[in-house]
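> Each chain, written out:
2 protein chains.
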Amino acid sequence: MSCFIDVLHESDFTIHNIPFAIISSSESQAPRAASAIGSYAIDLLALAQSGAFGKCSVLGNGVAARVFAEPTLNAFMALGRPAWREARAAIQAALSATGTSKLREDEELRQKVLLPLEKVKFHLPANIGDYTDFYASKEHATNVGVMFRGKENALMPNWVHLPVGYHGRASSVVVSGTSIRRPNGLTLNAETKLPEFKASRKLDYELEVAAYVGTGSKLGDSIAVGDAEEHIFGLSLMNDWSARDIQQYEYVPLGPFLGKNFGTTVSPWIVTLDALEPFRVAQPKQDPSPAAYLSAGSLDAYDVKLEVAIKPPTENTPPIVVSRSNLKYMYWSFKQMLAHHTVNGCNMRPGDLLGSGTISGPTPTSLGSLLELSKNGNEPFQLAPSVTRAFIEDGDEIVISGHCSKEVDGQRIRIGFGEARGVVVPAKSL
Amino acid sequence: MSCFIDVLHESDFTIHNIPFAIISSSESQAPRAASAIGSYAIDLLALAQSGAFGKCSVLGNGVAARVFAEPTLNAFMALGRPAWREARAAIQAALSATGTSKLREDEELRQKVLLPLEKVKFHLPANIGDYTDFYASKEHATNVGVMFRGKENALMPNWVHLPVGYHGRASSVVVSGTSIRRPNGLTLNAETKLPEFKASRKLDYELEVAAYVGTGSKLGDSIAVGDAEEHIFGLSLMNDWSARDIQQYEYVPLGPFLGKNFGTTVSPWIVTLDALEPFRVAQPKQDPSPAAYLSAGSLDAYDVKLEVAIKPPTENTPPIVVSRSNLKYMYWSFKQMLAHHTVNGCNMRPGDLLGSGTISGPTPTSLGSLLELSKNGNEPFQLAPSVTRAFIEDGDEIVISGHCSKEVDGQRIRIGFGEARGVVVPAKSL
Ligand SMILES: [Ca+2]
Ligand SMILES: [Ca+2]
Ligand SMILES: [Mg+2]
Ligand SMILES: [Mg+2]
Ligand code: NI
Numbered sequence: 001m002s003c004f005i006d007v008l009h010e011s012d013f014t015i016h017n018i019p020f021a022i023i024s025s026s027e028s029q030a031p032r033a034a035s036a037i038g039s040y041a042i043d044l045l046a047l048a049q050s051g052a053f054g055k056c057s058v059l060g061n062g063v064a065a066r067v068f069a070e071p072t073l074n075a076f077m078a079l080g081r082p083a084w085r086e087a088r089a090a091i092q093a094a095l096s097a098t099g100t101s102k103l104r105e106d107e108e109l110r111q112k113v114l115l116p117l118e119k120v121k122f123h124l125p126a127n128i129g130d131y132t133d134f135y136a137s138k139e140h141a142t143n144v145g146v147m148f149r150g151k152e153n154a155l156m157p158n159w160v161h162l163p164v165g166y167h168g169r170a171s172s173v174v175v176s177g178t179s180i181r182r183p184n185g186l187t188l189n190a191e192t193k194l195p196e197f198k199a200s201r202k203l204d205y206e207l208e209v210a211a212y213v214g215t216g217s218k219l220g221d222s223i224a225v226g227d228a229e230e231h232i233f234g235l236s237l238m239n240d241w242s243a244r245d246i247q248q249y250e251y252v253p254l255g256p257f258l259g260k261n262f263g264t265t266v267s268p269w270i271v272t273l274d275a276l277e278p279f280r281v282a283q284p285k286q287d288p289s290p291a292a293y294l295s296a297g298s299l300d301a302y303d304v305k306l307e308v309a310i311k312p313p314t315e316n317t318p319p320i321v322v323s324r325s326n327l328k329y330m331y332w333s334f335k336q337m338l339a340h341h342t343v344n345g346c347n348m349r350p351g352d353l354l355g356s357g358t359i360s361g362p363t364p365t366s367l368g369s370l371l372e373l374s375k376n377g378n379e380p381f382q383l384a385p386s387v388t389r390a391f392i393e394d395g396d397e398i399v400i401s402g403h404c405s406k407e408v409d410g411q412r413i414r415i416g417f418g419e420a421r422g423v424v425v426p427a428k429s430l
Numbered sequence: 001m002s003c004f005i006d007v008l009h010e011s012d013f014t015i016h017n018i019p020f021a022i023i024s025s026s027e028s029q030a031p032r033a034a035s036a037i038g039s040y041a042i043d044l045l046a047l048a049q050s051g052a053f054g055k056c057s058v059l060g061n062g063v064a065a066r067v068f069a070e071p072t073l074n075a076f077m078a079l080g081r082p083a084w085r086e087a088r089a090a091i092q093a094a095l096s097a098t099g100t101s102k103l104r105e106d107e108e109l110r111q112k113v114l115l116p117l118e119k120v121k122f123h124l125p126a127n128i129g130d131y132t133d134f135y136a137s138k139e140h141a142t143n144v145g146v147m148f149r150g151k152e153n154a155l156m157p158n159w160v161h162l163p164v165g166y167h168g169r170a171s172s173v174v175v176s177g178t179s180i181r182r183p184n185g186l187t188l189n190a191e192t193k194l195p196e197f198k199a200s201r202k203l204d205y206e207l208e209v210a211a212y213v214g215t216g217s218k219l220g221d222s223i224a225v226g227d228a229e230e231h232i233f234g235l236s237l238m239n240d241w242s243a244r245d246i247q248q249y250e251y252v253p254l255g256p257f258l259g260k261n262f263g264t265t266v267s268p269w270i271v272t273l274d275a276l277e278p279f280r281v282a283q284p285k286q287d288p289s290p291a292a293y294l295s296a297g298s299l300d301a302y303d304v305k306l307e308v309a310i311k312p313p314t315e316n317t318p319p320i321v322v323s324r325s326n327l328k329y330m331y332w333s334f335k336q337m338l339a340h341h342t343v344n345g346c347n348m349r350p351g352d353l354l355g356s357g358t359i360s361g362p363t364p365t366s367l368g369s370l371l372e373l374s375k376n377g378n379e380p381f382q383l384a385p386s387v388t389r390a391f392i393e394d395g396d397e398i399v400i401s402g403h404c405s406k407e408v409d410g411q412r413i414r415i416g417f418g419e420a421r422g423v424v425v426p427a428k429s430l
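Listed in order, the protein sequences are those of chains A and B.
In terms of full-length UniProt numbering, the first sequence opens at residue 1 and continues consecutively.
In terms of full-length UniProt numbering, the second sequence opens at residue 1 and continues consecutively.
Derived from the structure by calculation, the hints contain no laboratory data.
Hints are supplied without guarantee of correctness; some may be wrong.
Any copy will do: because identical chains look the same in the list, a pair fits if it lies in one copy or spans two.
Claimed, not checked - Computed cross-link-like contacts, PhoX-like style, restricted to lysine-lysine with a CA-CA straight-line distance of at most 25 angstroms:
id: 1; residue 1: K55; residue 2: K112
id: 2; residue 1: K151; residue 2: K55
id: 3; residue 1: K428; residue 2: K112
id: 4; residue 1: K119; residue 2: K102
id: 5; residue 1: K119; residue 2: K138
id: 6; residue 1: K119; residue 2: K311
id: 7; residue 1: K151; residue 2: K119
id: 8; residue 1: K218; residue 2: K121
id: 9; residue 1: K193; residue 2: K406
Could you build all of it, start to finish, from the sequences and the hints given here?
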């Protein structure tokens, strides 16, 4: 596929990608749907109004202009995978260097549809009804377990039998670029054994990827694991900010609460499963075999290279990479998470968000949290010549990025997720 | 205050109450706001269109007709406590036996506004962005702790220092009358020590009261405990259905998930804090004193008599009362819960739901769950001459009700919450 717009080979937004987001611009401040190509956002409402989706079977007859005018992607998500597929194909056709394309031939239309990325503002891509976070990396669960319960009891017995998850807070999911205030809370004073109210001293990030539910399910029904991919709209980057000291004091017996719900950052772009298809790889071998309702093919992981970088406020450098991981390390697949989540009849709605849990790999350079990197703060590391870190300091910007790249038919293809970034601002004074 | 409509003294919906709900009717199928008086729902959209809120400072100028026409109460909630107060006062004035009342004098208007309760359909009163469940009854937390961890470790050390809570699932909160399907899931086989996939055999209810957030807060901000009541729209009954066997297998370390999220039933009516004001009583003494951000007055409990009844499918009787508890047993107040929930900057939105946790009292007849009543199934009890129960059986209907009653100036006043009811239907076959 060749594109009439020049796209750098290292761009996240090649014609093979076609991700979805919600944008606004100074010319048109109403949030609306967009895709991206190279250094441009593609205004999908303007593209729909030009008739580019007219021949689509679901999106024709004005449906595209209606759903792409919405301030969230929920209505588009609810249309189902055939609609997501034909949207991607129609956008690729409009961008193609060959064949019929009004966009390619009409200079005025191009001005309206193609907006320089640095000029658009991003909004949360969906109205997230419910956000659930899982715990699907065996390396991460083991690393954390060793620190808190010792090597013998690192993994709970249930961990290998089901994808452990918990409900998160939907209201505080924010789009990349939103600053995050350091939370205050009760933490244990190790000497007095009593709680103290203060600003968190163990503020951390968690490198995650999240799936958006596209089409939902009814209360009392389940989504079969074999059908689950049809319900998943696509994937985004996610930073599940975590205050380890608050979390540790509060989490027994009912799980994480104030240690997590002060903010969760998602990337603006959602990359569809269709775009990720060429990057499908084997998932880690599951031993013991899971229950039948969780049994799926083994090719359910995606080879997505992930990075975490920190930009300290004192250094005039680009963000400094502290970790390189990969989505393929996830022990449980998103298909399995969705099948598990609904096996009891729990209903899903378009826009629901499923976090992977922190994605750590097998090596010391692939750890997805500072908790693991600094061994719960006991081993601060060198970030720059004069900068060490154990946990996040005020003013630090955390940048998560991800991309896939692969040789296909002698040609290297690349797609990327953009970034999920956020600066930590000081706590409110007590 | 006297009402021109005859209201039975034992009615939940006296002129002292004026609760809020969302209804539809066969004549007008669009969901809209309602209140209640005696055996009638009050169509608030029709009442607003008659000009009954014309002199209100927030609800005047057509605002009442706009917010009461919405399919949820969220827009009304977002207007704030002055609007809730003037709405209640204007409705009471319209119902008054004295003074000017178009409703009282206009027979045709009464036909449009007053709809027999048995003819209206109830909908979920709010779009619930996030639902959080707490664990605020010391008796319940202790009873459960003794069963699972023994008498010495019954209460976790953090329990007396903060209102323990966890995020619940908003999508599966349903209005009273919705049937609940028995969930399937993984539970531990005690002999093999391996999980088995099957229908829950320990299906339970939890007697709870829930607060709806009225006005919200911004991410990064907190709601001070002294200001928290201004943010709470009102209270409803809630049944937090729980599958104890699924819950027990899954909940360590990240908390309840599939054991809870298959359904949560709320009553249609929300009783405002203003209506509850005469029933304010002292809350249990908090020892140790909580941190400053949780320190409030001690008159923050409400004397609300609560009942749980079970109607077995085999018996032709009214529901049989199995428990009588009271909201005043809550150790932590809703004010404290809201202050705690936001102290880290977690944002609230209108319509957010805060569950109390199971409300158990100090006696064997005031236990808020079957887990406690049957000692985790070990002591089945007699429900009717030929009926025993340890946990919920298929076809059982669980009915939660609640009311307040008190002598004020020589007159007994009573307000009630209506009911939260639900029938359990058999699990899907595996
Ligand atoms: Ca996480
Ligand atoms: Ca509960
Ligand atoms: Mg978070
Ligand atoms: Mg529940
Ligand atoms: Ni190509």
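> State for each hint whether it applies.
Verification of the hints:
no.	hint	result
1	K55 to K112	within (21 angstroms within a copy, 48 angstroms between copies)
2	K151 to K55	neither (59 angstroms within a copy, 69 angstroms between copies)
3	K428 to K112	neither (43 angstroms within a copy, 52 angstroms between copies)
4	K119 to K102	within (24 angstroms within a copy, 56 angstroms between copies)
5	K119 to K138	neither (40 angstroms within a copy, 55 angstroms between copies)
6	K119 to K311	within (23 angstroms within a copy, 62 angstroms between copies)
7	K151 to K119	neither (50 angstroms within a copy, 62 angstroms between copies)
8	K218 to K121	between (34 angstroms within a copy, 20 angstroms between copies)
9	K193 to K406	neither (53 angstroms within a copy, 44 angstroms between copies)
Of the numbered hints listed earlier, those contradicted by the structure are 2, 3, 5, 7, 9.
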